Amino acid sequence: MVKARKGTLLECDPAVKQIVQDLDNKKSEAGEKRFILEDLDETHLFIDPCEVEWLQKRLDEILEENTYRFDDVA
Amino acid sequence: VIDQIRLWEMERNRLRLSGAWLYSDFTDLNEFTQIVNYAEPLGAVLWKNEKRRTLAVTEEGHENVKSFRKRAAAARAGGAGR
Chain A
1 MVKARKGTLL ECDPAVKQIV QDLDNKKSEA GEKRFILEDL DETHLFIDPC EVEWLQKRLD
61 EILEENTYRF DDVA
Chain B
1 VIDQIRLWEM ERNRLRLSGA WLYSDFTDLN EFTQIVNYAE PLGAVLWKNE KRRTLAVTEE
61 GHENVKSFRK RAAAARAGGA GR
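Chains as they are written, first to last, in the numbering used here: chain A, 1 to 74; chain B, 1 to 82.
Treat the hints with caution; some may be incorrect.
Here's a subset of chain A near chain B, in silico, CB distances under 8 Å, partners left out [what the hints assert, rightly or not]:
id, residue
1, V2
2, K3
3, A4
4, L9
5, L10
6, E11
7, C12
8, P14
9, V16
10, L23
11, L40
12, H44
13, D48
14, K57
15, R58
In the EDC-like style, the derived pairs of lysine to aspartate or glutamate whose C-alpha atoms are separated by at most 16 Å in a straight line are [as the list claims (entries may be wrong)]:
id, chain 1, residue 1, chain 2, residue 2
16, A, K6, A, E38
17, B, K51, A, D41
18, A, K6, A, D39
19, B, K48, A, E29
20, A, K3, B, D28
Just so you have them, the derived chain A footprint on chain B, three or more residues with Cβ under 8 Å [unchecked claim]:
id, region
21, 16–28
22, 36–49
Treat the hints as calculated values from the structure; they're not laboratory data. Computed from a predicted structure; not experimentally measured. Even glycine gets a Cβ: it sits at the ideal position worked out from N, Cα and C.
Full structure from sequences and hints, please.
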């Protein structure tokens, strides 16, 4: 039986995907619901649309941190 | 400063989000292929993987795919009845 689910398709590079998966694991370890619904391939995830806003904020914070760190080295 | 902005932009562009419907668990590869062949010219396919028989359809395309599937199912039922 064909299954159809509503969600958000996230396309990103593998490095960002790793960060997203780490965030998902942390949520699970904290006893919260996972937001990754399906791991599609190395650059695509299917995620819970309710968590998109939260995820974008967390990613912005993390990526910004990394940019600063990069600047420090350079 | 321009380099910094460019770097920041690059980071921001590292992800793309789209509202979608994920179709999976096709028992029939033909059915999967038919939907892909129907939806792709409409620009409704965001992602697909034939091996996994899974495809992501745009929110706009979902209604089209839904009625296409209904028509296909009716045609199959009609064919079997004959």
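Results for each hint:
1. Interface restraint check: V2/A against chain B, minimum CB-CB distance 6 Å, threshold 8 Å, status holds.
2. The beta carbon of K3/A comes within 4 Å of a beta carbon in chain B, closer than 8 Å, and the hint placing it at the interface holds.
3. At its closest, the beta carbon of A4/A sits 5 Å from a beta carbon of chain B; the interface hint therefore holds under the 8 Å criterion.
4. Interface restraint check for L9/A: the shortest CB-CB distance to chain B comes to about 4 Å, inside 8 Å, so the restraint holds.
5. The beta carbon of L10/A comes within 6 Å of a beta carbon in chain B, closer than 8 Å, and the hint placing it at the interface holds.
6. Residue-level restraint check for E11/A holds (minimum Cβ-Cβ distance to chain B is 4 Å; threshold 8 Å).
7. Against a cut-off of 8 Å between C-beta atoms, the interface hint on C12/A holds, since the closest Cβ of chain B lies about 4 Å away.
8. Violation of the interface hint for P14/A is found here, the shortest Cβ-Cβ separation to chain B being roughly 10 Å, above the 8 Å cut-off.
9. Evaluation of the V16/A hint against chain B yields a held restraint, the C-beta minimum of about 5 Å falling below 8 Å.
10. At a threshold of 8 Å, the smallest CB-CB gap from L23/A to chain B is about 13 Å, leaving the interface hint violated.
11. Taking 8 Å as the C-beta cut-off, the interface hint given for L40/A holds, the closest approach to chain B being about 6 Å.
12. Interface hint status for H44/A: upheld, as the beta-carbon distance to the closest one in chain B is roughly 6 Å, under 8 Å.
13. Interface hint at D48/A: violated, since its Cβ lies 12 Å from the closest Cβ of chain B, which is beyond the 8 Å cut-off.
14. Because the beta carbon of K57/A sits about 13 Å from the nearest beta carbon in chain B, more than 8 Å, this interface hint is broken.
15. The closest approach between the C-beta of R58/A and any C-beta of chain B is roughly 12 Å, which is over the 8 Å cut-off, so the hint fails.
16. Distance hint between K6/A and E38/A is fulfilled; the C-alpha atoms sit about 12 Å from each other, no more than 16 Å.
17. Distance hint between K51/B and D41/A is fulfilled; the C-alpha atoms sit about 12 Å from each other, no more than 16 Å.
18. Using a Cα cut-off of 16 Å, the hinted pair K6/A and D39/A holds, with the two alpha carbons roughly 15 Å apart.
19. Between K48/B and E29/A, the direct Cα distance comes to roughly 31 Å. Violation of the 16 Å bound is thereby established for this hinted pair.
20. The straight-line distance between the Cα atoms of K3/A and D28/B is roughly 13 Å, inside the 16 Å bound, and the hint therefore holds.
21. Residue count for the region 16–28 of chain B with a Cβ under 8 Å from a Cβ of chain A: 12. That meets the three needed, and the coverage hint holds.
22. Against chain A, the region 36–49 of chain B contributes 3 residues with a C-beta closer than 8 Å to a partner C-beta. That satisfies the three-residue criterion, and the hint holds.
Of the numbered hints given earlier, the model fails hints 8, 10, 13, 14, 15, 19; all others are met.
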